[in-house]
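A.B. asks: Listed here are the chains, written in short residue letters.
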Amino acid sequence: MADPNGSRRLPSGGATPSQPASAVHGLAGEGLGVTKTTSGLTTTGAFLGETSRESGHLGQEEGSGARNMVFPRSHDTVSIPGVRLAQEDLSNDRLNSASDAMINSSAPAQQYRIDAYDGAFSSRSRGVTGGFGTTGLGATTTSSHAYSLGATARSGHDPAPAFRIPPASATVSVKASSSMGQSNKATRSSRSALMDLPKDIIDQILLRLSPEDPKLLPRLSLVCKEWMNVFSDTAFLRRYRSFHPPPLLGILVNDYAADQATDTARFLPTTSSFSPQNDQLPHPALVLDSRHGLVLLYIRLSAEDFGLVVWDPMTTGSHWYIDEFPVNTKTKHWTACVLCAGPDCDHRHCHGGPFFVVMASTKKKEALTSAIFYSSADDAWGEHVHLRHREGDQIDNKPSVMIGGKLYIPTISNTRILEIDVHTRKLQMIESPPVPVGLRTGMYARHSTVLTTAEDGGLGFICIDNFLLYRWAREAASADGDGAMAWSLRGIIHLEQIPKPKSSISPHPVGSANGRVLFEIGGRLLCIDLTSRGILQWYRTSSFCDFRIAFPFESFYIPPGQTRCCF
Amino acid sequence: MAAATDDAGDSNEMIRVVSSDGEHFEMPEAAANLSLVLRHMIEDDCADAAGIPLAVVAAKPLAKIVDYCTKHAAKSSGLTIEEAEELKRFDAEFIEVDTDMLYDLLVAADFMGVEGLSKLAVQRTADLIKGKTPEQNRETFGIVNDFTPEEEEEICKENEWAFQITKPPSRLC
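Here the protein sequences line up with chains A and B, keeping their order. Under the UniProt record's numbering, the very last position in the first sequence is 567; numbers go up by exactly one each time. Under the UniProt record's numbering, the very last position in the second sequence is 173; numbers go up by exactly one each time.
Extracted from the complex, chain B is given alone in its bound form (with noise of 0.2 angstroms):
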């Protein structure tokens, strides 16, 4: 990686951010300013020409995450409700993405400082371990299942009611 140079008070049109294995990536101050992190290093006038190195975000996940706050720092302010139905909709397809990835994000996310990704992550993999079973929230996560036969039993018979088979109720649809 390059040098740091410390003349890096006029950058106010696009912020160079350095992946961890090396790739150079830009974007607006504006999305550059969604991350707390970045935010503070542009304060701080630490954003130079060579980029802002981040060590622990790969490229793949930080194309993502520019991708995001690209396109969420180009609506941020005075939405229309139909430009919050389609950045809704950005969200939706943007979180689409395989469990690798989702790590990646959540983390990535989360050391960045960029909230509203970090919740929508966030809620993403709640919601895929809500419709999932045990068994399957296991195979998905790749958790071990720390549980003897015995201690899976007891639990079951501890909390019968959260087990028991009961008929949903009559929606139709």
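Looking at chain A on its own, in the form it has when it is part of the complex (with noise of 0.2 angstroms):
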């Protein structure tokens, strides 16, 4: 390899650069006079004025044995719209705790009445918790009985005022003579735009918006100011990342179609975001996996000159050069994988951070599999691990899976998939699905399955023959939890929306991502969501490109100049 030290260097030694994760990058504005919202006081504050105008309940409570619903904190405590607490050490949880303790200690009740409400109980049904306004002036309690209790009395109960509001605060009085016992056609005209709505149902909103357009989030910041700052809140954006699974950005196919003696690994975007430099993309090269956001390429200048690649496709020059390549080149049947070194990592934030490369080789003659890893941390590989099988099990380059701390890598006959425990590092052969009847070749062609993450999270296989798509998913076989695991068919799909080709060439499978299955027919490369049975067409390409395996690469979007990814 040429100088392959020369721009070695992608995990900056193992650790990720410190620097916050600065949300939306330099929307928080101070140059532009804008308050950045720290979450919490002054944002609740605000979103109790819009909320308590809105439903209206700063009522007495009515009906003996009623709930006791004092709010906790007196008057002094509070200010309304406007609206900030008086009191600035007072948190949340304190308010609520001290909440929960009035409640519980109060009497026993017997009837409740339900008018009025400010977005309490979608605080405390999330385990969120609520705002300081919703908990406290809505009078809505945070037990498990929670019912706002209004203003108007029932009949044939004496009103018995548990909740006073304070003489002091003349907003208060105003804003509750204003409210109390109103018709709900004001409570509804006031609800005539979005943020009028709770704060936390808002937030609910914009946490599904979804990540596969990274642009999105930047875009929707220039909407106002409330969602600039929440777009530009950490916690949020946490929140975000955490919800969400890592969108798909790019397929990486190897190209064939330029010169079929150079190896051309090229990548596709399948967003209008990203699309990294053409020149970041080592050439020649083949890509051999994609997997937590990195790359895994295959150099290959001439018989001696060979090695291996790691390159993050987010950050400017990364890239890793691996100098020692521990199989013997003339090992027909080898792989190798990427994946994140970091222990419990949910692979949302670990950008930077450490990975291993595993590799796996066959010796045919001997039937005989062997996987070694490489950790970044050391820059070294590992031992050899060994595992005996029957023969003909030779290990595929297709596409693995990952699934809970073990790797999973097709063989080629498709009938057995080999099983690497990344933590043991103890290897095994587990059984395929067995050949379904009715396949036209009555077994698994090479090219006709790929390995998925199924829907519940477990291990999933796909076989796609003449038009139909087979689909399973590996699960417990009892439910005593022996252990034992069995596939289960979880349908089969007929791939009939799909134009078909002159010729009557069936699709093939090439890869998964998110739910979805990448498949080849005719040169094109489509893609089936497993969930909405939608198929989209990626992309048309020369006969010589290579779309026999897709890798998808998903990562979350680190915009130019960052290190870390924002969304």
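These are calculated hints, taken from the structure and not from any lab test. One thing to keep in mind: the hints can contain errors.
No more than 25 angstroms apart at the CA atoms, straight line, and that leaves these computed lysine to aspartate or glutamate pairs for DMTMM-like [to be verified]:
| hint | chain 1 | residue 1 | chain 2 | residue 2 |
| --- | --- | --- | --- | --- |
| 1 | A | K215 | B | E13 |
| 2 | B | K130 | A | E226 |
| 3 | B | K132 | A | D480 |
| 4 | B | K130 | A | E383 |
| 5 | B | K130 | A | D203 |
| 6 | B | K132 | A | E212 |
| 7 | B | K130 | B | E82 |
| 8 | A | K225 | B | D146 |
| 9 | A | K330 | A | E383 |
| 10 | B | K88 | A | E212 |
| 11 | B | K132 | A | D529 |
| 12 | B | K88 | A | E226 |
| 13 | B | K130 | A | E554 |
| 14 | B | K60 | B | D98 |
| 15 | A | K225 | B | D100 |
| 16 | B | K88 | A | E383 |
| 17 | A | K215 | B | D44 |
| 18 | B | K130 | A | E212 |
| 19 | B | K88 | B | D48 |
| 20 | B | K132 | B | E86 |
| 21 | B | K119 | A | E383 |
| 22 | B | K88 | B | D98 |
| 23 | B | K157 | A | D196 |
| 24 | B | K130 | A | E496 |
| 25 | B | K75 | A | D456 |
| 26 | B | K64 | B | E13 |
| 27 | B | K60 | B | D146 |
Two chains, each in its own frame: build the complex with the hints.
C.D. replies: Given below as structure tokens:
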């Protein structure tokens, strides 16, 4: 390899630069004179004004025996719409726990009346601490039987005011009188805009914006300052990343179109937002794997000069060259996989961290498969681990999948799958699903199957035969938890929507990503969403491009000039 | 609204609810149980012949919610693939509503603790936001633009990558 050490270094000493994840880049905007909301009190206060106006329920409680829903902090802790906490040291948690204590000590409830709402239910049911305003002023409680009490007394019961409006707070009184007992017409008309909804609901909505287009959040920051503040709040962004799986940003394939003699890995973008610079992808190179935001490439300059490179497409110029090639090059059947080395990592925040490369190879004559681990932290290969198996189980270079600390690599016959336990480094062969009756060939053809992650997170297996897509999931064989696993056929999808080429060639699966299966037919790369069953055509290419294997690139996007992802 | 009575213990079949504007609705107990609030009320014997008053839920959204709960309660367990798909279709049609109704459903479902409906309405709103420009979003959702033109320009500049018009991938369909 030509001077591999020249541009070496991907993970900075195994550590990530400690720069804080800085939200939507530059949006917090001190220079704009915009105050960045730090979450919590200020924002809640602002929303308090909105919600209390809307739902209007600063009422006296009524009904004998009703819950004694006394707002635990009396008037000196609150001032109203404007709105700030008078006592800065109050935290939501303290308020809630105080509120709970009051309720628990109150008389048992017999009757409730629900006539006020301000969002506290959602806060509680989702386990999120509700805003100060919503919990307090709404007179909604945080107990398991939290009903908000309204102003209108039920007939037949003596009003027994338990929630008093502090006389000192004129604003409260005004608010209360304007909302007490008023009809819902006023309430409804005040909800004519999205931002009049409780903050908790707006947060839930913004959390569900799709991460598939990395440009979406920064673009939506332009809608209003409130949204800009949300999208630049690191706590929100952390929740956002945890909520969504890393989105598919592109597909890596090997292209032989330009020159049959040269290996050319290509990055095919699937969004308009992200496409790495062409010169970032080493050439010549073959893509071997892509996982956890990294791409593993095989560079072969000559019969003697070859090696592995780990490339981070999100960071300019980050190529990690692995000097040693631990497998005899005469071995025909080998493959390599890349994966994050973080223990118990959810792969949402591990960009720039240490990684493993696993190389597996089969000696066909000896029916012996070996695996060896490379650790970026040690910059060294470990020891070979061996597994003897029956003949014909040579491993294949089709995409592997990683499920719960285990790496699954397909074999050429497709009848068995190599399982590598990343923690214990143990190998074993597991059986593929039984060949379904009705398969044209009576067996799995080499390019007719692909491994996937099933919808429940377990190992999945896809076979496409004659426009029929068979879908299996590996699950516990019995409920008694003995660890035995079995395949269950989850369904057969007829790929009738695909425009069929002139030849009668059947599509074949080439990879999978986020509940979608990538497949090729007649030089076109398509993708089917297993949930919606919608089919997208990604690419059409020259007949030379090898679409037999495709590796999805899934990662949260990192804008140029930043070291961590914002979204 | 009628006075509450305490002899509501045997309401195993139909649960009555009353909207803020005084309309009465009925639904099976299984449907009412999809609402966290109604379930607690039923458990506490507060569901009486007069109906449970829901003073922040108006008749229009309440009718929809009763509809939703009734449909989902009838198909809650042991769904076949076809039934699950039918329910999905029902949801998709159910949530095709204007923004005012959407707001009402968001708030009412959240208030009543109907988790499935909350998720449905929240996702629908997110999907509506996703396909719109900032200006269209402001129009649709009644949001006031509180940026000055200078601030807007600054944001665009600092996030240039997000506002660049790039050629989308060569998708054919």
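A.B. asks: Decide, hint by hint, whether the structure agrees.
C.D. replies: To see whether the hints hold, each was checked on the structure:
no.	hint	in the structure
1	A:K215 - B:E13	violated (51 angstroms)
2	B:K130 - A:E226	holds (17 angstroms)
3	B:K132 - A:D480	violated (50 angstroms)
4	B:K130 - A:E383	violated (50 angstroms)
5	B:K130 - A:D203	holds (15 angstroms)
6	B:K132 - A:E212	holds (15 angstroms)
7	B:K130 - B:E82	violated (29 angstroms)
8	A:K225 - B:D146	holds (6 angstroms)
9	A:K330 - A:E383	holds (20 angstroms)
10	B:K88 - A:E212	holds (22 angstroms)
11	B:K132 - A:D529	holds (23 angstroms)
12	B:K88 - A:E226	violated (33 angstroms)
13	B:K130 - A:E554	holds (20 angstroms)
14	B:K60 - B:D98	holds (12 angstroms)
15	A:K225 - B:D100	holds (23 angstroms)
16	B:K88 - A:E383	violated (51 angstroms)
17	A:K215 - B:D44	violated (49 angstroms)
18	B:K130 - A:E212	holds (11 angstroms)
19	B:K88 - B:D48	violated (33 angstroms)
20	B:K132 - B:E86	violated (29 angstroms)
21	B:K119 - A:E383	violated (49 angstroms)
22	B:K88 - B:D98	holds (19 angstroms)
23	B:K157 - A:D196	violated (30 angstroms)
24	B:K130 - A:E496	violated (30 angstroms)
25	B:K75 - A:D456	holds (21 angstroms)
26	B:K64 - B:E13	holds (20 angstroms)
27	B:K60 - B:D146	violated (33 angstroms)
The structure fails to meet hints 1, 3, 4, 7, 12, 16, 17, 19, 20, 21, 23, 24, 27 from the earlier list, while all remaining hints are met.
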